Amino acid sequence: MIKIHDLEKVYRTEEVETIALNKLSFAVKEGEFVAVMGPSGCGKSTLLNILGLLDDPDSGSFLFNGIEVAGFNERKRADLRKRNIGFVFQSFNLIDELTVFENVELPLIYLGVKGDERKKRVEEMLDKMQIMHRRNHYPQQLSGGQQQRVAVARAVVNKPKLILADEPTGNLDSSNGNEVMELLTDLNEQGTTIIMVTHSEHDARYSHRIIRMLDGQTVTENILV
Amino acid sequence: MLKNYFKIAFRNLWRHRVFSLINILGLTVGMTACFLIFLYVRFELSYDKFHSKGDRIYRIICDIKTPTEVMKPGGPSWAVGPHLMGGFPQVEATVRTTDDELLVRRGNVKFQEKKSLWADSSFFQVFDFKLIKGNPHTALNDPLNVVFSESAVKKYFGNTDPIGQTILLTGEGFTAKITGVMKDIPENSMIQADMLVSMNTLTRKLNPNLDNQWGNYGNRTYVLLKPGANAASFEKQLPAFLEKMNGTEMKQLNMYPTLMLEKFPEAYLHSTRNDSNSGSIKNVYIFSIVAVFILLIACFNFINLTTARSAERAKEVGIRKVVGAGRRQLTAQFIGESIMICLIAFLLTLAAAALLLPSFNQLAGKTLSNGVFENWRFIGMLFLASIGIGLLAGLYPALVLSSFRPVTVLKGRFSTGAKGILLRRGLVISQFTISIALIISTIIVYLQMNFMRSQDLGFSKDQMMVINSNGDPARDAFVHAVEGLPNVKSVSMSSSVPGGGNMGAYSKIQNAKGVMQIANLDLYFVDFDYLKQFNIKVVAGRMFSRQFMTDTTQAMILNESAVKSFGYRSPQDAVGRDFDQWGRRGKIIGVMKDFHFKSLQEEIKPLSMRIEPNGCSLVSVKVSANNLPSTISAIESKWNALIPARPFSYFFLDEFFDEQYKSEQRFGKLFLNFAILAIIISCLGLLGLASYSTMQRTREIGIRKVLGATIPNIVNLLSIDFLTLVGIAIIIASPIAWFAMHKWLQDFAYRIPISWWIFAVAAVAATIIAILTVSFQAIKAAVANPVKSLRTE
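Residue numbers (the numbering used here), protein chains in the order written: chain A, 393 to 617; chain B, 58 to 850.
It is possible that part of the hints are untrue.
Derived lysine-lysine pairs resembling DSS-like cross-links, with alpha carbons at most 30 Å apart [as the list claims (entries may be wrong)]:
(1) B:212 x A:468
(2) B:60 x A:520
(3) B:695 x B:662
(4) A:468 x A:551
(5) B:695 x B:726
(6) B:372 x A:553
(7) B:283 x A:511
(8) A:468 x B:320
(9) B:301 x A:512
(10) A:511 x B:212
(11) B:301 x B:262
(12) B:293 x B:283
(13) B:171 x B:60
Hints in this document: simulated from the structure, not taken from any laboratory. Computed from a prediction, not measured in an experiment: that's the story for all the values here.
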């Protein structure tokens, strides 16, 4: 599903040049659950942003479903993104002014799904995430675990092929964290490809494969399954 | 999607109530000011635009060249109108009008009809004033025909049909017949009348031969050209026409008139003749500019506050982009929000304008509009304008916000760029530049008004009651009766008082070289006591005196300006020289000190005074300040006993003189109000920005306090940025305001100097206002507990 080859990304400020990705190459098959690990600053987040089509590599190749997307312009990336990719963040990133229902509804709105259909799908998803009773609450009124469940619901409501999770349990206690990991595992078992960046060995164990990074390169790949 | 936008827009407004309030209030104030100014400008532009033949109606004006000056009467001589008709094929009709104040009686109802107008019978053929009853072609055909306005009908006839009924006109009691009723003339016409009297009453009955008087001025003449006629070529034929009709007399009098055409629908704003009824295109421009400025200030607030808050919205933008929003959708969302704010402001503007309109009408001195909802088109325009403002003001913030890259903003690495800060500073500077320029201008307008009111005019106008006898034969008896009253100090009669109109007389005065020099001299007819009564000083020669029998017919007093214009080096030299004026000949017996008999906008012109009891109809009564009401009622009862046929009316000279500055005072007041509005909106913006920047620096403030900064240190830190901006604004605004006000003051012959302290006052005022606005926020932040503020990160 994803194949990257010799991917490079360099951040420049006036004096310092930081190489975030250094000729990185790997592939992810459809239906895989991959964890990316490594110390702070190793390039994990940069990788995730590029995989999520939020950022563009400086050089190298990135095939998404067989299409070369490196060099896509913003609009094309956005279009591909909203149809295929869901995001889960460490800090949830819910919109404070919208209710739980409305937050989950948002991707469907941008996809142009009709109102009735939207309502049905959002309710279905909230039910599945067991936060239906909170549908009219605002994010601030929820616990961290609940917020992340809403975020996951939002990430998968448009049935994306790929979910990118950036330390999804980083702001949660262990029991809430485990719940979220269970959710992701369930989604993966239903066929969704998941790439997750994490610091937690415990969380990484839920995945099929761990890619370890250092200084913008892959160091090892452990296959767990 | 729209629903979602509205929802989030509304919730955003509600969550940030203070900012929303500042935004909405600012826009409301700006839009209200703009809307009111729009009503004013539209009204000023609408004068006499309703005449269907307007593009063919011209007003004839006239310059008269004499050896010493160019006179600019409001119209040509009486003979011009009637003679144009025969002489030019392209002329369809001419109308002459002249304003008057006629005594009108019907039974016990009597009024000095202030808005009387003599008019030729073609009046209704040329102008679009609607005749409700009577025949527009014949209503003014015969002498002593009268057309009343509906209001006048109500006044004299109540609900009965006036057609064919009679009224008594003037003190002589001519019986006149009502031949028509017209709709009240709308306020936006230069021609104003409640009563039209057929012109041939004058030209055939009261002053036969007026139609042939080429040297007699004092009417307005309008000409209606035939469709397709060329006005310019018509105008070019006029000198030859005058030469043919009146060439000999022109040479003989040494007065050469030139006739010019003014498009009538444009005369109100553009005429070179200063009418009591005319407007000023300059004021229209000034207020239009002020309106645009105020709106700009309000829009700048909006842009400033929205972009300043962009850091807060950045996260939302990031998330929306991640879940699939495109840039276009986000732009639409933010513009939608700004339009929504403007639409809320639109509703508030409607309410505010409806509330303010009556007082604004009063301030403007005319009924600009009877109500905001009178004309749905205006509301529609305001609605569209609000959407336009929303688009304009929202466009920049929308473009900025929608351009955020989700990677950056979601990682919290976001900072508002230097460009944004520069832009906000620029906008704050512009706002304050406009406000400070308005403050400076307002101060100068007020000082000039004050100067004109407090200036020593060279005559005494206090406690001077002036009664118009309208030449009633019993006026001498009335004067004698009033003289005997307690609390009446002295009484005098004259043709004119300062601040009112006066005659201009064709005169020949012996000049310094001994030649009889021709001049058009302003002329007052007075009695023996006039100079004493008004405390006008004589600088050479003597006053009129009852001891000299010849003073009643052969004596003239000139003012200093007149003496100078005839070439005398000292007033003394003019005494004893000859004059020849309106058939009287005699000697100049004295020279009076110049006094301001016109407003301070005009230079003191040459003035002559002669004794002429028949020409004196104004009775000036100097009264003591004690017991004024009883003095007035005592005078009134004398009037009622001696002149029962006329209504008693009077004015006090000081107020009457100040009336001349009415339009300037209005101008000043309007200006002051709009300057205050501009300041308020600017301050709202400053308040918003200050509170925002303080909020953003909470952590910095906390750290500084932990490190030992005192409260004044912090307040300084937070205020100094904004004060610098205000300082820059002062530097920019001062020369602009100086230039504009220097030009404005050129209209006044007597004016104040623009001194440096005016700028200092404005600068200090603006600084204090800014300090008050900013420091409130700064102090609040400075006294807060640093532990708390550090925890906000």
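- [ ] Could you grab the alpha-carbon distance between residue 60 (chain B) and residue 520 (chain A) and see if it respects the 30 Å cut-off?
- [x] 26 Å, holds
Open item on the list: Run the distance test for residue 171 (chain B) versus residue 60 (chain B): straight-line Cα separation, threshold 30 Å.
Closed with: 62 Å, violated
Task: Given pair status - residue 662 (chain B), residue 695 (chain B), alpha carbons within 30 Å - done: 37 Å, violated
Open item on the list: Check whether the Cα positions of residue 695 (chain B) and residue 726 (chain B) lie no farther apart than 30 Å.
Closed with: It is violated: about 40 Å lies between the C-alpha atoms, which goes past 30 Å.
Task: Restraint status (C-alpha distance of residue 468 (chain A) to residue 320 (chain B) at most 30 Å) - done: 63 Å, violated
Open item on the list: Need the status of pair residue 293 (chain B), residue 283 (chain B): alpha-carbon distance at most 30 Å?
Closed with: 17 Å, holds
Open item on the list: Hinted pair, alpha-carbon criterion (30 Å max): residue 301 (chain B), residue 262 (chain B). Please report holds or violated.
Closed with: 28 Å, holds
- [ ] Quickly compare the C-alpha distance for residue 511 (chain A) and residue 212 (chain B) to 30 Å and report which way the hint goes.
- [x] Judged against 30 Å, a Cα distance of about 72 Å means the pair is violated.
Task: Pair hint residue 468 (chain A) and residue 551 (chain A), alpha-carbon separation not exceeding 30 Å - done: Holds. Residue 468 (chain A) to residue 551 (chain A) sits at ~19 Å (cutoff 30 Å).
- [ ] Could you grab the alpha-carbon distance between residue 301 (chain B) and residue 512 (chain A) and see if it respects the 30 Å cut-off?
- [x] 96 Å, violated
- [ ] Measure nothing beyond the straight line between the CA atoms of residue 372 (chain B) and residue 553 (chain A); if it is 30 Å or shorter, mark the hint as holding.
- [x] This hinted pair holds, its Cα atoms lying about 25 Å apart.
- [ ] Quickly compare the C-alpha distance for residue 283 (chain B) and residue 511 (chain A) to 30 Å and report which way the hint goes.
- [x] With a Cα-Cα distance of about 74 Å, the restraint between residue 283 (chain B) and residue 511 (chain A) is violated, given a limit of 30 Å.
Going through the hint list in order, the structure does not satisfy hints 1, 3, 5, 7, 8, 9, 10, 13.
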